[in-house]
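Given next are the chains, with one letter for each unit.
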Amino acid sequence: MATEQEGATGGWFGETGQISRLPGKAFAAVCLSATLFGIVMVAGLLVYVTKDAIRPLTANPGWFLVFFLTLVAPSVAALGYYRRRGDGEATVALTALGIPFFGLLLGSGVLLLFIDVLSVVEWFAFVVAAVVAGGVIAGHRRLRAGASFAEEFVVAAASLVALAPLTFEFVSTFPTIPEAWLIYLFTFGLGGAVVGGLVVARRRNDRRTGAITAGALFAVATAGVFIDPSTGITPQIWVILFTFAGMPTVLYVESVVRSRQRRPLGLLFPFIVVAGMLLGAALVDLLGFAGPEAWLDFQFLTSANSRFPEEAGIYPALIGSVMMMVVVAVSSFPIGVGAALYLEEYAPNDGPLGVLVRFIEINISNLAGVPSVVYGLLGLALFVNWLNFGSGIVVVGGMTIGLLILPIIIISAQEAIRAVPSSLRQASYGMGATRWQTIRRVVLPEALPGILTGSILAFGRAIGETAPLLMIGAAASVFQPPDGFFDIFSAMPRQIYAWVGQPAYEFQYGVMAAGVVTLITVMISMNAAAILIRNKYQRRS
Amino acid sequence: MSQETNTPDFVGQSGIRSAREQSIKWLLFGCAALSVAVTAAIVATLLFDAIDFFLEVSPVGFFLGTEWSPTIKEEFGVLPLVAGTLFVTALSALIAIPVGVASATYLSEYASPQTRSIIKPALEILAGIPTVVYGYFALVYLTPALEWLGLPLSTFNALSASIMIGIMIIPMVSSLSEDAMSAVPDSLRQAGYGIGATKLEVSTGIVIPAAASGIFSSFILALSRAIGETMIVVVAAGMRPRLVPSPFESLEVMTAAMVQLVTTDIAGGSTAYRAMFAIGITLFTITFAMNLASSFVASRYREEYQ
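Residue numbers (our numbering), protein chains in the order written: chain W, 3 to 543; chain R, 3 to 308.
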């Protein structure tokens, strides 16, 4: 890039800032303002819509003053201090705030799934079925180490296709099953602890520490079960939230404390924010300052749509979106990564197959440009008319949008895989590894952050897609969250579009604004998560 | 894999391994080939119903008819929809193309790496905002604002929808054009400075012409995106087909007509239902051709400098 050289060295033709003539200055200014035009305009609109959703002017000025003093001022000051200290302290602070936040979001999503969709019996049966199938495969491997590939394949297929559903049916008929929290503890808690242990073991290259970490995490998860449920934290909620928010936070804190650079001061930041919030809430309560009468409040997030704007909410559509995203991720992520792996690692350059591969590449880049409404038509014709799925059910919506983002995932995963240096691959081949071993042990772990970044961005786009949902007949508004993946559903953007048709002022400037802010918050937090992952792993390479 | 043999296997071609390797390879190939299957499925599903449609309504009447009224009068002339689509696309191009090229010039030639690292993600967010939200912005905030400026707008109008589409596709023009400009070799710039050109002259006289085909291909891609854009026009531009569109009035584009057909109560097998697929395949053909053209132009560009 031209500018980098000039900026770094001062340039051989004069200082960068020194644009000698007026037309040059004017041109640079015009270009800058053009760059800012879209950003400023959309930022302005976002401010407007947030204002309509929150209605800050209805709040007591004292309310703002209190929160400014307890929350905003201390956290801004702390961030400024971290930045001045330099050395990545501010990044540590923001990450330490971000990890528990995203973990809580993810954990709440999982909790909602269990409250509304999956009953604990189904989950238990599913886990037992998976354990049985996995156990058979692993046992067979251990007993017959030299088994031929065909034999392994038959055993795996039989245990997955025949044995697992049988077990599932069998377990579903049990009259009594263990307590719900016990099931969660041994699925999520134990699974999370094992993953945490593996991470630590890999990070330190020490299996014993990893085992200790896993044991300690699991012990804490178990101990937390005995918190008094009257605080609102039932054992189920504790186990899931600790697994998704607590464990990653603990691991991150541990890595920062142990790292050589010693930046643990940043870890204080979340405490400053949370303490500020609590203190502010307590003071506001004590002094009797009323908060804003926002449209976007707890009631909006937890109730169904209604004819009356004051009672309208987004809850069923929120659950619908979460469930749809589960289908989208399951249907598009493995296939997208698989396709990218083939194109980058296996695809031949010449011969008849090479022509086909080039055709596939062109095809994928073209698919990324096909209008979303056409994908909706595809979903309607393929899933609803031909395969006779119901119109407007979660699976159809998820698979349609999964197809829509598939090319985007493939392209971004290809870029991530291409960025893995080929010396790593050659080293692996040099050790005698086969191609698949190289891919699984070397290429994939190295490319995973990049693949995740691209995929999360694609999922962020998927969550806002509306036109395909209209085409496959997603419901305008549902009043109950879907019961299963074959149930009628609505999603957040679909719900917002349903509100467009409501002419009342309160809907246009109130309810809809609240819905838009909810949707954009979800989208921007997904983008932020992607950027966090990218920044964290960029330093390494 | 778990079964490492004791005898060294330098080529990695022992029976088990190669069978597994082969099956994994073909499995991954299947994933990649799925994209072709998706394309084929799109074409097939669109064609099936579109052919049925064209057996009932003559293609001449469809492509040259000047009245679109599928449910009431059973008139299936697509020209008003095409006119609306082209009109909205042209209006949004008027915004996106100059702004996009100017911001690409700024990002590639003037911005410091630090500025670029802030501005580029901010621009990306423009492309990531859900389009139904843009439609809401256009309907609820932009139209009243433009009315306040004194423009004679109706509630649903082409102008605010086009402005929003324009803003939505700015990041596409700017990031693809910036890639093209950054790929221009520095020696060309240095030659320019060597003959005493100013930075302005180098940017407009050397870099932009040298990157012209890349910039042009970004235009095509962005316009194809604008043609296929649905929710902004559905929400903000209204549903009234017009052969001669006006920016201040409501109009109907092809994507909006499809949404209208699917959301009104039409029977599954009726002509109006199939008309949706006929529009769908027209839209698919146009955008697919534009995407192909864009990658063709861009690949010709790449040949020039490497």
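Don't take each hint at face value.
Examples of chain W residues lying across from chain R (beta carbon under 7 Å, computed) [unchecked claim]: (1) 31; (2) 33; (3) 41; (4) 340; (5) 344; (6) 362; (7) 365; (8) 468; (9) 472.
Stretch-level coverage of chain W by chain R, calculated; a stretch enters the list once three of its residues show a Cβ under 8 Å from a Cβ in chain R [as the list claims (entries may be wrong)]: (10) 45-55; (11) 430-439.
FYI, nobody ran anything at the bench for these hints, they're computed from the structure. Just so we're clear, the structure is a prediction, and the values are computed from it rather than from any experiment. We put the beta carbon where it would ideally sit given N, CA and C, even for glycine.
Notebook entry, point to check: Broken hints, numbered, in rising order?
Noted result: 1
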